[in-house]
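**Student:** Can you make the complete structure from the sequences, with help from the hints?
Listed below, chain by chain, are the residues.
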Amino acid sequence: MNLDYKLVRNTLVVKVKGELDMVIAERVRDEIDNRITENQIKNLILNLEKVTFIDSSGLGLIIGRYKKINSLNGKMYIVGARPTVEKILFFSGINKLVPIYRTEQDIINI
Amino acid sequence: MGWTIMNIKNYVRFEFSSIAENVGLARSCVAAFASQLDCTLDEIEEIKLVVSEAVSNCIIHAYDNRANQKVEIMVSIQDDRTLDLIIKDYGKGIVDIEKALEPAYSTDGSRMGMGFTFMKSFMDEMEVISKPGEGTSVQMRRSFLVRDQEAYA
Ligand SMILES: Nc1ncnc2c1ncn2[C@@H]1O[C@H](COP(=O)(O)OP(=O)(O)OP(=O)(O)O)[C@@H](O)[C@H]1O
Ligand SMILES: [Mg+2]
Numbered sequence: 000m001n002l003d004y005k006l007v008r009n010t011l012v013v014k015v016k017g018e019l020d021m022v023i024a025e026r027v028r029d030e031i032d033n034r035i036t037e038n039q040i041k042n043l044i045l046n047l048e049k050v051t052f053i054d055s056s057g058l059g060l061i062i063g064r065y066k067k068i069n070s071l072n073g074k075m076y077i078v079g080a081r082p083t084v085e086k087i088l089f090f091s092g093i094n095k096l097v098p099i100y101r102t103e104q105d106i107i108n109i
Numbered sequence: 000m001g002w003t004i005m006n007i008k009n010y011v012r013f014e015f016s017s018i019a020e021n022v023g024l025a026r027s028c029v030a031a032f033a034s035q036l037d038c039t040l041d042e043i044e045e046i047k048l049v050v051s052e053a054v055s056n057c058i059i060h061a062y063d064n065r066a067n068q069k070v071e072i073m074v075s076i077q078d079d080r081t082l083d084l085i086i087k088d089y090g091k092g093i094v095d096i097e098k099a100l101e102p103a104y105s106t107d108g109s110r111m112g113m114g115f116t117f118m119k120s121f122m123d124e125m126e127v128i129s130k131p132g133e134g135t136s137v138q139m140r141r142s143f144l145v146r147d148q149e150a151y152a
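If you read the sequences in order, they're chains A and B.
Per numbering that gives the first Met the number 0, the very first residue in the first sequence carries number 0; after that it's consecutive.
Per numbering that gives the first Met the number 0, the very first residue in the second sequence carries number 0; after that it's consecutive.
Since the hints were derived computationally from the structure, they do not count as laboratory data.
The C-beta atom is built at its ideal place from N, Cα and C for all residues, glycine as well.
Hints are supplied without guarantee of correctness; some may be wrong.
To be verified - Ranges between beta-carbon positions, derived for each pair: (1) A:Thr36 / B:Asp63: 22 to 30 angstroms; (2) B:Lys8 / A:Lys49: 35 to 43 angstroms; (3) B:Asp63 / A:Asn108: 40 to 48 angstroms; (4) A:Glu48 / B:Glu71: 50 to 58 angstroms; (5) B:Thr106 / A:Thr36: 22 to 30 angstroms; (6) A:Leu71 / B:Lys8: 22 to 30 angstroms; (7) B:Gly132 / A:Thr51: 21 to 29 angstroms; (8) B:Thr106 / A:Arg8: 27 to 35 angstroms; (9) A:Asn69 / B:Asn64: 39 to 47 angstroms; (10) A:Ser70 / B:Asn64: 23 to 31 angstroms; (11) A:Arg81 / B:Ile96: 29 to 37 angstroms.
**Tutor:** Shown next as structure tokens:
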């Protein structure tokens with residue numbers, strides 16, 4: 000599987016691995032959505048440290064989870080995106096909805 | 000643009016079945032071919048992105064995620080610095096091309112409508128030829144600096 004999970008109280012931390020295209024995006028979407036419902040998750044941190052590529056299917060995954068978390072009055076963050084991935088996130092404007100931080104620790108410190 | 004074999008320095012042509020797993024394969028193949036152009040790693044990443052967008056569109060939109068349909072790719076180098084890319088399907092086609100090319104336009108509510116915007120932004124030229132019921136061909140071109148020469152210019 001291309002993901003790791005960690006549950007910190009009502010925050011789900013998901014670490015995705017590999018190339019976040021339509022194949023991975025679909026798998027990750029179902030897995031995240033199931034865990035959000037099962038564990039009464041409010042906030043979501045998407046760790047992209049191990050993501051080497053992202054395209055519009057990956058962006059669609061992010062926006063979809065953002066809408067879901069938003070409807071639960073939670074917060075969503077992205078951490079660890081490498082420069083090539085970050086460039087696409089900024090290009091799409093997704094960073095205006097989902098704040099991007101270097102590390103998970105940076106979110107706790109704000 | 001078009002496909003005239005006469006002036007071509009090198010080309011690769013391949014076709015594959017419309018399954019999601021082949022999107023990554025298509026990306027890697029084109030990136031490997033493009034690497035003979037002496038372009039930067041960032042530029043290779045951009046080529047991978049546009050291939051991913053065009054091929055994903057064939058599978059998702061043209062064929063509505065049906066497997067065993069044909070996607071074709073033709074990639075060529077005209078001179079030392081220009082990459083031509085054609086990605087073609089025989090799917091449902093696009094009724095309103097102008098609308099489809101608008102940023103943030105998508106016929107799928109769960110998508111962002113970014114695909115064509117990426118293709119337009121990361122390539123120098125992009126042309127979409129489509130006929131409802133017959134299919135779509137996306138042709139793109141990008142020129143890269145020949146760095147050795149231009150460094151001394
Ligand atoms: N090969 C194709 N065959 C049929 N329709 C297509 C094809 N490519 C694109 N389209 C149509 O054009 C629209 C815009 O495409 P574009 O790639 O920009 O956005 P998207 O695929 O909907 O979303 P995203 O690329 O962000 O996932 C699509 O929603 C679809 O209706
Ligand atoms: Mg698309």
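**Student:** Per the hint of 22 to 30 angstroms, is the separation of the Cβ atoms of Leu71 (chain A) and Lys8 (chain B) within bounds?
**Tutor:** violated, 55 angstroms
**Student:** Between the beta carbons of Thr106 (chain B) and Thr36 (chain A), is the distance compatible with 22 to 30 angstroms?
**Tutor:** Because 28 angstroms falls inside the window, the suggested range holds.
**Student:** Does the Cβ pair Thr106 (chain B), Arg8 (chain A) satisfy 27 to 35 angstroms?
**Tutor:** For Arg8 (chain A) against Thr106 (chain B), whose Cβ atoms are near 39 angstroms apart, the range 27 to 35 angstroms is violated.
**Student:** Tell me if the beta carbons of Gly132 (chain B) and Thr51 (chain A) are separated by a distance inside 21 to 29 angstroms.
**Tutor:** Roughly 38 angstroms apart at Cβ, these two residues miss the hinted range, so it is violated.
**Student:** Is the hinted range of 40 to 48 angstroms satisfied by the C-beta distance from Asp63 (chain B) to Asn108 (chain A)?
**Tutor:** Since the Cβ atoms of Asp63 (chain B) and Asn108 (chain A) sit about 46 angstroms apart, the hinted range of 40 to 48 angstroms holds.
**Student:** Determine whether the Cβ-Cβ distance between Asn69 (chain A) and Asn64 (chain B) falls within the hinted range of 39 to 47 angstroms.
**Tutor:** violated, 27 angstroms
**Student:** Is the distance from the Cβ of Ser70 (chain A) to the Cβ of Asn64 (chain B) consistent with 23 to 31 angstroms?
**Tutor:** Given range 23 to 31 angstroms: holds, Cβ gap about 26 angstroms.
**Student:** If I claimed the Cβ atoms of Arg81 (chain A) and Ile96 (chain B) lie 29 to 37 angstroms apart, would that claim hold in this structure?
**Tutor:** holds, 35 angstroms
**Student:** Using the C-beta atoms of Glu48 (chain A) and Glu71 (chain B), is the stated range 50 to 58 angstroms upheld?
**Tutor:** violated, 36 angstroms
**Student:** So does Lys8 (chain B) sit 35 to 43 angstroms from Lys49 (chain A), Cβ to Cβ?
**Tutor:** holds, 37 angstroms
**Student:** Taking 22 to 30 angstroms as the stated bounds, is the beta-carbon spacing between Thr36 (chain A) and Asp63 (chain B) within them?
**Tutor:** Since Thr36 (chain A) and Asp63 (chain B) have Cβ atoms about 28 angstroms apart, the given range 22 to 30 angstroms holds.
Figure legend: structure checked against the earlier numbered hints; hints not met, in rising order: 4, 6, 7, 8 and 9.
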